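4 protein chains.
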Amino acid sequence: MLHFDCDYMEGAHPEVMRRLMETNLEQTPGYGNDRYTGNAKKLILEACGLDGETGKVFLLVGGTQTNATVIDGLLARHEGVLSADTAHINVHEAGAIETTGHKVLTLPSYDGKVKAADIEKYIKDFYTDESHMHMVTPGMVYISHPTELGTLYDLRELEAISKACRKAGIPLYLDGARLGYGLAADGTDVTLKDVARLCDVFYIGGTKIGTLFGEAVVVTRPDLLKNFIPLVKQHGALLAKGRLLGIQFETLFTDGLYMGISRHAVNMAMKLKKAFTDNGYRLFIDSPTNQQFVYLPNEEIDRLRKIASFELWGPRKDKETPVRLVTSWATREEDVNEFISYLVKEH
Amino acid sequence: MLHFDCDYMEGAHPEVMRRLMETNLEQTPGYGNDRYTGNAKKLILEACGLDGETGKVFLLVGGTQTNATVIDGLLARHEGVLSADTAHINVHEAGAIETTGHKVLTLPSYDGKVKAADIEKYIKDFYTDESHMHMVTPGMVYISHPTELGTLYDLRELEAISKACRKAGIPLYLDGARLGYGLAADGTDVTLKDVARLCDVFYIGGTKIGTLFGEAVVVTRPDLLKNFIPLVKQHGALLAKGRLLGIQFETLFTDGLYMGISRHAVNMAMKLKKAFTDNGYRLFIDSPTNQQFVYLPNEEIDRLRKIASFELWGPRKDKETPVRLVTSWATREEDVNEFISYLVKEH
Amino acid sequence: MLHFDCDYMEGAHPEVMRRLMETNLEQTPGYGNDRYTGNAKKLILEACGLDGETGKVFLLVGGTQTNATVIDGLLARHEGVLSADTAHINVHEAGAIETTGHKVLTLPSYDGKVKAADIEKYIKDFYTDESHMHMVTPGMVYISHPTELGTLYDLRELEAISKACRKAGIPLYLDGARLGYGLAADGTDVTLKDVARLCDVFYIGGTKIGTLFGEAVVVTRPDLLKNFIPLVKQHGALLAKGRLLGIQFETLFTDGLYMGISRHAVNMAMKLKKAFTDNGYRLFIDSPTNQQFVYLPNEEIDRLRKIASFELWGPRKDKETPVRLVTSWATREEDVNEFISYLVKEH
Amino acid sequence: MLHFDCDYMEGAHPEVMRRLMETNLEQTPGYGNDRYTGNAKKLILEACGLDGETGKVFLLVGGTQTNATVIDGLLARHEGVLSADTAHINVHEAGAIETTGHKVLTLPSYDGKVKAADIEKYIKDFYTDESHMHMVTPGMVYISHPTELGTLYDLRELEAISKACRKAGIPLYLDGARLGYGLAADGTDVTLKDVARLCDVFYIGGTKIGTLFGEAVVVTRPDLLKNFIPLVKQHGALLAKGRLLGIQFETLFTDGLYMGISRHAVNMAMKLKKAFTDNGYRLFIDSPTNQQFVYLPNEEIDRLRKIASFELWGPRKDKETPVRLVTSWATREEDVNEFISYLVKEH
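Chains as they are written, first to last, in our numbering: chain A, -14 to 332; chain B, -14 to 332; chain C, -14 to 332; chain D, -14 to 332.
Note that these hints are calculated values from the structure, not bench results.
Predicted model, so just to flag it, every value in this text is computed and none were measured.
Incorrect hints may appear among the rest.
Copies of the same chain are indistinguishable here, so a pair counts whether it falls within one copy or spans any two.
Unchecked claim - Once the Cα atoms are required to be at most 16 Å apart in a straight line, the calculated EDC-like pairs of lysine to aspartate or glutamate come out as:
{"id": "1", "residue 1": "LYS106", "residue 2": "ASP303"}
{"id": "2", "residue 1": "LYS100", "residue 2": "ASP70"}
{"id": "3", "residue 1": "LYS109", "residue 2": "ASP303"}
{"id": "4", "residue 1": "LYS178", "residue 2": "GLU31"}
{"id": "5", "residue 1": "LYS256", "residue 2": "GLU319"}
{"id": "6", "residue 1": "LYS291", "residue 2": "ASP320"}
{"id": "7", "residue 1": "LYS259", "residue 2": "ASP171"}
Work out the full structure: start from the sequences and follow the hints.
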């Protein structure tokens, strides 16, 4: 059986495992007060063009947890978070944001992306609405890059969104669960330093790119997320053996590992995409990253699911249903080739 | 200056005030453990075709508070509430539902109403989605009657929604902030007994119909909202002098006062609507109840706001903006006539 | 039957009712944007020695609601509120503070009061504890005056607590549900202006002193409780007919009504206390305010409850149980006299 | 430098690491839907004397997270959790329980333990208090075993607590962060099967006993924690690569590893305790498990901290301060011996 369900089907990159083994019986203080975590933070800040004065880093365990904790930390009690209606926080986090007491305020999604103009309009409409004290105040903007649909902002779009947020005086937060797969995509003009320059808070995903688990939250404004550790603890996100996060991120940010393994996943995804389009399949989304979305006739789904696992994107429709195939740093090229061999021309 | 801003610009109906005065120096136990509250509950249950075996009543202070408390009481922690995207709980309660930890799951709004078919589809799609354990479980349905746009469900629609909820095993909750104005509307085929028969929980609004404040929550299923009093207390909704609620609702439900004063408001609203259409104004919504929505050119808004106050419905648009005019039990016919005299034919 | 259960057994002071009747059919904007509310706020600020520059006032409906809303507004997410273990917020609000996500951190109670030295010790211990990032940060102090046990701080104690809070950089919040009964007590050296000078936020209770309902929150630091209205709305505490609060507090703060009626309640309570001690009953607490606490043998409780209602203070004990008798602005002297006539010398 | 700070200073037991390495590049479905997790659950249930009909298991990441998620899942909205005032949930979880909206209701601590009689009294007092609808309803009992002070319940005590809970109709939840160290202690008469028989929910800690991270929640009543997965997700506790938990617990519950490594830690702790008492040091608590508490004069603390790290138990006192030394499955006997060699007779 081949597997393209998601980008968290394997463990960690072998180099990450090697380092975890190597350090396994060392004794370090808990909760991230260890030298590995310290070094990982330093390496991440450097990669972002920041230092200990201009930025800070927190290492958390998982994506939903990170989103809930960061958003809870950024918003005042009367505020909500603006996001695309397709955003992970709005659809696939089981209401974790709302459990912190905050509303997700939705903007139209353009293949998973939001537009600066829509943010500006929302905020203008809000403050000109005579009833706005009865409404949830937009207090921050959430975007994902790549989005949940595999798409990417270009630099101009990201700059416009950042500008809209700064004009409105609200922080911009970028969910980078798959950030590497975005930065490594063909044709993108967005770098990690751009992300750090344009966002107020973002996270660099490890779970989906090379680690067993772990997400690195980068804060680029010293006034934000002060007193964050007790909040991380409250959210059950303060790992006792914090050094596990440190060791993993230290490894990812040594010798360009993070970008290298990200690039591999994108290559595999492009190979899949080309095979779909060469065989006349219709893309649901034209994604330049590791998630590929294609329409499949339902009988084709049934046939292909006998040899490969992948997700339906939403409930099964009458005739054809969009499906998602995902590659990762761990995807074997021979698996991709085998899957492609099952595709049918003129299906 | 004339006032059509809302239906809570005056105090209470004179008969309600008379009773409050009359009983003012009586001594009663607090928190609703008084004979007036007991009698009010009995009268309300009777009006609903229920009794102490089949129904129960709780008296709360305000609408947002009631919605938040009831929804918090009905939902399990992993559940959210389905409502029209235009619903009061989704737009105008400052996120009160989310502060209880629950997500508002939106359905399309048809002039403020939801369709049974959309509820059924949402629930079917949810349970057939392979990722549904990562999503918010739909745990109840919220509707308002009249809606925030003044519209009404007909009996067939309400029965279909009730059936959809019962089939799905989730409670149906009806926000009746303006219930009287709906029950008293021309041509409606929905009675209070129908509401009690088809909904699992609903509230009969007092604040907008005759009382100083107060909303009567009616529960028609004995298994729901058990242990509700401590929850009411937690929500800051347990009035110390609970008898004030009892006296007011006892008065409303004596000698048909509630329906009588509701009817007056509807008559005044119909007079306004006729004047608008007679003069060629374009309705934003064709509402049969006490809220009237009409498009006004912006200069017309400026002109009319010199003699009457009313709300813009959303932010001011470029040329014309929908506005809302509201009548109530207290609206004076001479005020309506005067306002109408300012309308301009072929404006 | 005589009633000494609590200080909210009657409606409102006749003058308050007169003003509510007089203004009943006036039309005013909702949610406190009316002239009565404006004037009430002005009068309250004046009585506190403040003005619109140095203070602000919010009018809410009930005490538990006010405590939950204010505390939610003052605390950051990782903070808790310090209070006596006997505090209303810790015992008798059904967990309303915790529903906002905040812990009540308890200090020893000395007849309902906290000591400045204990606050200082708590904060010092907290910050010197090597594990404090795993603990709830003390973010404010809650006191009540009079306390839940009827006792009062003297000026020196209040100054010491205020100083401890300011040194720690955390706000001091005073629950004044019965503030008038404290300010009117014999021998107190604390004035309303002292309260305003020493506290950062406090509320002046109306429900228990002359109004149908209503609590006036006074904020004495401009940086606190900004954006409070949406929070009030979220908490279901924004009264639609806000002017009802305005009219009532305007009346209370006109011609010294608030202090005058408070004084009456204290006089009645002192009469009760004297009767108890004269007859050899043992006080549970020596309270100078309108709540009186006395030990009664259980058979005495049973006997007296046949002619008067009053509360047991906690669960019934084996032989004797402390009970609470409460007077109010509305207590009739003949009722007090009649009750006293039932007391037995050498019981 | 020697380290006795805590029981999470190393990574995982070598056998656990070996299995993680061995399976690292296998592909499995996410979120615990893998065969390793399935097998781990089976092994755990067997060890507890349960099967898939009578029990269920959930694997979460960390202790605070587990407590918050389970307690949130067990309590109704108006309920709180009873625990010792020294309980981890009351002191060292940064208010995580309160962020779920629930109050921690404290009972007296007897060296970290609660007494059945106090539970019974609390519940009786609650329901006989005439004001109980204004108070937080006790909805479950939390105990830890070993406690935060290293102490253990004996079987008779545990049976009495269980009986008190069942009589009151509320679940008993046992925090087993260090459960193995308790079950392996000298002289205990409590087995894992006893725990499963007497508790309604408990967790078997992995983080402190052999895994990198992970806690196994065991539910022994089919009606509890239904719909728990979405709640786990909401709490940010649903690990994407859930199999990491499965593999680790499968290893722990194969060939008696869990009990074997627990026993080692206890042996090391007993050696430490004997050395303290032999040298005339005064125990703060006489703990039979892996946490040892002893009073040290402050100068002794300063001297010993030069060669070994350990925690002060609370803020430093004037002359002597209790300290905690912790052993674990990973403690090396030579380290214990070296530490003991620094102790001074007649210090």
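Do the hints match the structure? See the list:
In this assembly of identical chains, the alpha carbons of LYS106 and ASP303 lie at most 16 Å apart only when taken from different copies (14 Å versus 37 Å within one copy). Proximity of LYS100 and ASP70 under a CA criterion of 16 Å is satisfied intra-copy only: 12 Å inside one chain copy versus 21 Å between copies. Taking the shortest alpha-carbon separations for LYS109 and ASP303, only the inter-copy value of 14 Å comes in at or below 16 Å, while the best intra-copy value is 41 Å. Within a single copy, LYS178 and GLU31 get their C-alpha atoms as close as 9 Å, which meets the 16 Å cut-off; across copies the closest is 52 Å, which misses it.
Only within a single protomer do LYS256 and GLU319 lie at most 16 Å apart by alpha-carbon distance; the minimum there is 11 Å, versus 56 Å between protomers. In this homomeric assembly, LYS291 and ASP320 come within 16 Å of each other (Cα to Cα) only inside a single copy, at 14 Å, whereas the closest approach across copies is 56 Å. Within a single copy, LYS259 and ASP171 get their C-alpha atoms as close as 14 Å, which meets the 16 Å cut-off; across copies the closest is 63 Å, which misses it.
No hint from the list above goes unmet by this structure.
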